[in-house]
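*Asks:* Listed here are the chains, written in short residue letters.
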Amino acid sequence: MLSMKNVSRIYRTDVVQTHALRNLSLEVEAGEFVALVGPSGSGKTTFLNIAGLLETFDDGSYQLDGRDVAGLNDNDRSRLRNEKIGFIFQSFNLIPELNIADNIDVPLRYRGFAARERKRRVDRVLEVVGLGGRKKHLPSQLSGGQQQRVAIARALAGDPGFLLADEPTGNLDSSTAAGVMELINEIHRNGATIIMVTHDLELAARAERIVRLSDGQVVLLDEGGEGSELENGAAV
Amino acid sequence: MLGYYVRLAAISIRENAVMSLLMITAVAVGIGTCMTIVTVNYIMAKDPIPQKSEVLYAVQLDSWNPNDAFRDDGSPPDQLTYTDALALMDARSAFRQTAMVGTSLIVQPDDPDSKPFQASGRAAYADFFAMFDTPFLFGSGWDADADRRLEQVVVLSREMNDRLFGGENSVGENITLGSYDYRVVGVLDTWQPMPKFYDVTTGPFDKTEDVFVPFSLVASLQLPRNGNTNCWKPVDGDGYEAFLASECIWIQFWAELRNDAEKREYLAFLDNYVNDQKSLGRFARPLNNRVNDVNEWMDVMRVVDSNATMMLPVSIMFLTVCLLNTIGLLLAKFLGKAPEIALRRALGASKRALFVQYLVESGCIGVAGGVVGVVLTWLGLRGIEALFGDLVENLVQLDLVMVTAAVVLAIVSSMAAGLYPTWRACNIEPAAQLKSQ
Ligand SMILES: Nc1ncnc2c1ncn2[C@@H]1O[C@H](COP(=O)(O)OP(=O)(O)OP(=O)(O)O)[C@@H](O)[C@H]1O
Ligand SMILES: [Mg+2]
Numbered sequence: 001m002l003s004m005k006n007v008s009r010i011y012r013t014d015v016v017q018t019h020a021l022r023n024l025s026l027e028v029e030a031g032e033f034v035a036l037v038g039p040s041g042s043g044k045t046t047f048l049n050i051a052g053l054l055e056t057f058d059d060g061s062y063q064l065d066g067r068d069v070a071g072l073n074d075n076d077r078s079r080l081r082n083e084k085i086g087f088i089f090q091s092f093n094l095i096p097e098l099n100i101a102d103n104i105d106v107p108l109r110y111r112g113f114a115a116r117e118r119k120r121r122v123d124r125v126l127e128v129v130g131l132g133g134r135k136k137h138l139p140s141q142l143s144g145g146q147q148q149r150v151a152i153a154r155a156l157a158g159d160p161g162f163l164l165a166d167e168p169t170g171n172l173d174s175s176t177a178a179g180v181m182e183l184i185n186e187i188h189r190n191g192a193t194i195i196m197v198t199h200d201l202e203l204a205a206r207a208e209r210i211v212r213l214s215d216g217q218v219v220l221l222d223e224g225g226e227g228s229e230l231e232n233g234a235a236v
Numbered sequence: 237m238l239g240y241y242v243r244l245a246a247i248s249i250r251e252n253a254v255m256s257l258l259m260i261t262a263v264a265v266g267i268g269t270c271m272t273i274v275t276v277n278y279i280m281a282k283d284p285i286p287q288k289s290e291v292l293y294a295v296q297l298d299s300w301n302p303n304d305a306f307r308d309d310g311s312p313p314d315q316l317t318y319t320d321a322l323a324l325m326d327a328r329s330a331f332r333q334t335a336m337v338g339t340s341l342i343v344q345p346d347d348p349d350s351k352p353f354q355a356s357g358r359a360a361y362a363d364f365f366a367m368f369d370t371p372f373l374f375g376s377g378w379d380a381d382a383d384r385r386l387e388q389v390v391v392l393s394r395e396m397n398d399r400l401f402g403g404e405n406s407v408g409e410n411i412t413l414g415s416y417d418y419r420v421v422g423v424l425d426t427w428q429p430m431p432k433f434y435d436v437t438t439g440p441f442d443k444t445e446d447v448f449v450p451f452s453l454v455a456s457l458q459l460p461r462n463g464n465t466n467c468w469k470p471v472d473g474d475g476y477e478a479f480l481a482s483e484c485i486w487i488q489f490w491a492e493l494r495n496d497a498e499k500r501e502y503l504a505f506l507d508n509y510v511n512d513q514k515s516l517g518r519f520a521r522p523l524n525n526r527v528n529d530v531n532e533w534m535d536v537m538r539v540v541d542s543n544a545t546m547m548l549p550v551s552i553m554f555l556t557v558c559l560l561n562t563i564g565l566l567l568a569k570f571l572g573k574a575p576e577i578a579l580r581r582a583l584g585a586s587k588r589a590l591f592v593q594y595l596v597e598s599g600c601i602g603v604a605g606g607v608v609g610v611v612l613t614w615l616g617l618r619g620i621e622a623l624f625g626d627l628v629e630n631l632v633q634l635d636l637v638m639v640t641a642a643v644v645l646a647i648v649s650s651m652a653a654g655l656y657p658t659w660r661a662c663n664i665e666p667a668a669q670l671k672s673q
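Line by line, the protein sequences give chains Z and G. According to our numbering, the stretch in the first sequence is residues 1 to 236, in order. According to our numbering, the stretch in the second sequence is residues 237 to 673, in order.
None of these hints come from the bench; they were simulated from the model. Since we're looking at a predicted model, the values are computed, not measured. Hints may contain errors.
[Claimed, not checked] If you want a taste of the chain G side facing chain Z, the calculated C-beta under 7 Å gives, among others:
1) G239
2) I249
3) E251
4) F441
5) D442
6) L579
7) G584
8) K587
[Said to hold, decoys possible] Just the calculated beta-carbon pair ranges, DEER-fashion:
9) G/G572 <-> Z/H137: 18 to 26 Å
10) G/D283 <-> Z/N75: 44 to 52 Å
11) G/R250 <-> Z/P39: 24 to 32 Å
12) G/M237 <-> Z/S40: 19 to 27 Å
13) G/R243 <-> Z/T56: 28 to 36 Å
14) Z/Q141 <-> G/P549: 51 to 59 Å
Just so it is clear, CB atoms sit at the ideal spot from N, CA and C, and this is done for glycine as well.
Okay, chain Z solo, but in the shape it has when bound (with noise of 0.2 Å):
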């Protein structure tokens, strides 16, 4: 599915110059369930950016799907964004001024679906992430963990077989979060591929596998499950 081979990003400002990845090499399977941790500035949102082709990388190659991003123009990449990637970010993310189906609308308009679709995936994903009754809701008028929920069901409408979660739990109360991760494990069973970023060990734990990052490389690849080292207090 995903196929990294000595990705390097480098931010150059007047100053300095920062090494956000270098020379990354990750693999992920199709279907699989990966969980990105490591230290903040460590560059796992970076990694999901350019995963998610809203980034370009200085060296190195990228497979996705088989197919070498590197080549592709802006209208290519935003059209793999638009089917075949979900994004879930760090924070909600919701357009203030949309009302809550408008919001998981924006993808569906962008995917040129006739109006019955885009109204029949809408009220689907909104049934599913228990939000039914909240179509004409601002996302203002929708509480943190609510508003998280839009998130994910705008990430869910299009049906991606790749989504890339930063922190989707991060700023939720632990009871809400397991709601949100109960969701992301669904989309998995049904086939996903997932890389989720977290903090939270316990949520790194119900993945297949974890990647660890440092300093913009890739430091430990660990099985996930029960009894694995970072359960047992791996600095983070």
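Add chain G with the ligands to chain Z, keeping to what the hints say.
*Replies:* Structure of chain G with the ligands alone, referenced to chain Z:
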């Protein structure tokens, strides 16, 4: 998708009401100012009789003061003496021709209860109506015999016929003008060439006259003149006869010349005539006869006011300033939407899709600005009317062409203003925005 973009634009404009209102106002004020000036110029410069403007010629003879040109640029007087007008009419060298002069007549209604009132009139020859394509509601003009026989006949304007006869067909009826009876031979339909090209001496945008009577009556009935009279030497003697024989100019003269050959022949005829007159001791100035077609004549008579022309670039500059303001506001607004733009990009919007979306939003502001701009233009024209009064009463009309032009100009210019901000917005790096949240 366009419907979606318009809806997004509406939401965005509503959401940011104050900023949107500022932009709409900027566009509207710019458009209003610009279109007011453009409209004035447009109407002034309009061809008043496009189907015939190339065959109708205003005739000029240089009968002026031997020691002093009529105008500094050496052009001959814009009107003729009575002597010359009659001589040209008698010669009938053109396909059609008419001498004419404005007059003013008191209408005495038959109904003893209604008071007499003043009507504007024009004394002309029979050819007047055919030359200027006047539309007739009833009857027709008079014929050349009527000119010759000094018949007291009259053609009424539609308005005058409405007033005197309630709009009924009045052909054959009699009316009293001054102290004479006239028989109605025709009633014009609404007729208002703009500018009123056939006589611009008292104001190029005057109303057309209420009554039209044969020119031959000017002398026989001593009709009052209403227009400009210029004399370069004193009238010899007293009385109306002496005035008619004088070198004063007060008559407009038009000839219809259907092609270049006729025009050449006519100029030759004029030169012959003037040379003959020279031998009689008149026309001491060098030979300087001219014929100008309608549009040339409008130039010669400076119908397009030079102030209005000068205002044109100024108003366009003003519009530019308004648009620069709009660019600034749009830039601030669109860049303020960076997070939304980044999000839309992440969700699959191509740069092109976003470009169209924000251009549509600029266009919507243009539509609103254009509509308000038309209202401001209308107000601006009313203002000009109030300032200059009757002189421009008929000038300040907004026609469909100008309304459309205003709205289109507003849309095009606000989209142009939106180009740079939109381009900037589309090139926002989505990743950086999403990370910074
Ligand atoms: N646009 C940018 N310009 C310059 N430096 C950047 C930019 N984005 C990220 N960086 C730097 O790159 C490094 C990796 O950042 P990144 O956001 O990927 O970290 P992260 O692992 O997601 O951290 P966190 O857990 O705090 O979200 C950091 O040192 C950061 O300062
Ligand atoms: Mg991050």
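*Asks:* Decide, hint by hint, whether the structure agrees.
*Replies:* To see whether the hints hold, each was checked on the structure:
The restraint placing G/G239 at the interface with chain Z is violated, with a minimum CB-CB distance near 10 Å, outside the 7 Å limit. The beta carbon of G/I249 comes no nearer than 11 Å to any beta carbon in chain Z, farther than 7 Å, and the hint placing it at the interface is violated. The restraint placing G/E251 at the interface with chain Z holds, with a minimum CB-CB distance near 5 Å, inside the 7 Å limit. Look at G/F441: its Cβ only gets to about 51 Å from chain Z, farther than 7 Å, so that hint breaks.
Given hint, G/D442 at the interface with chain Z, is violated; its Cβ is 56 Å from that chain's nearest Cβ, farther than 7 Å. Look at G/L579: its Cβ gets to within about 5 Å of chain Z, closer than 7 Å, so that hint holds up. With a cut of 7 Å, the hint placing G/G584 at the interface with chain Z holds, because the nearest CB-to-CB distance is about 2 Å. Interface hint at G/K587: satisfied, since its Cβ lies 5 Å from the closest Cβ of chain Z, which is below the 7 Å cut-off.
Between G/G572 and Z/H137 the beta carbon distance is about 24 Å. The supplied range of 18 to 26 Å therefore holds. Between G/D283 and Z/N75 the CB atoms are about 51 Å apart, so this pair conforms to the stated range of 44 to 52 Å. The supplied range of 24 to 32 Å is broken by G/R250 and Z/P39, whose beta-carbon atoms lie about 44 Å from each other. Under the hint 19 to 27 Å, the C-beta atoms of G/M237 and Z/S40, about 40 Å apart, miss the expected range.
Separated by about 33 Å at the C-beta atoms, G/R243 and Z/T56 satisfy the suggested range of 28 to 36 Å. The given range of 51 to 59 Å is respected by Z/Q141 and G/P549, whose C-beta atoms sit roughly 53 Å from each other.
Violated hints, listed in ascending order, are 1, 2, 4, 5, 11 and 12; each of the other numbered hints is respected by the structure.
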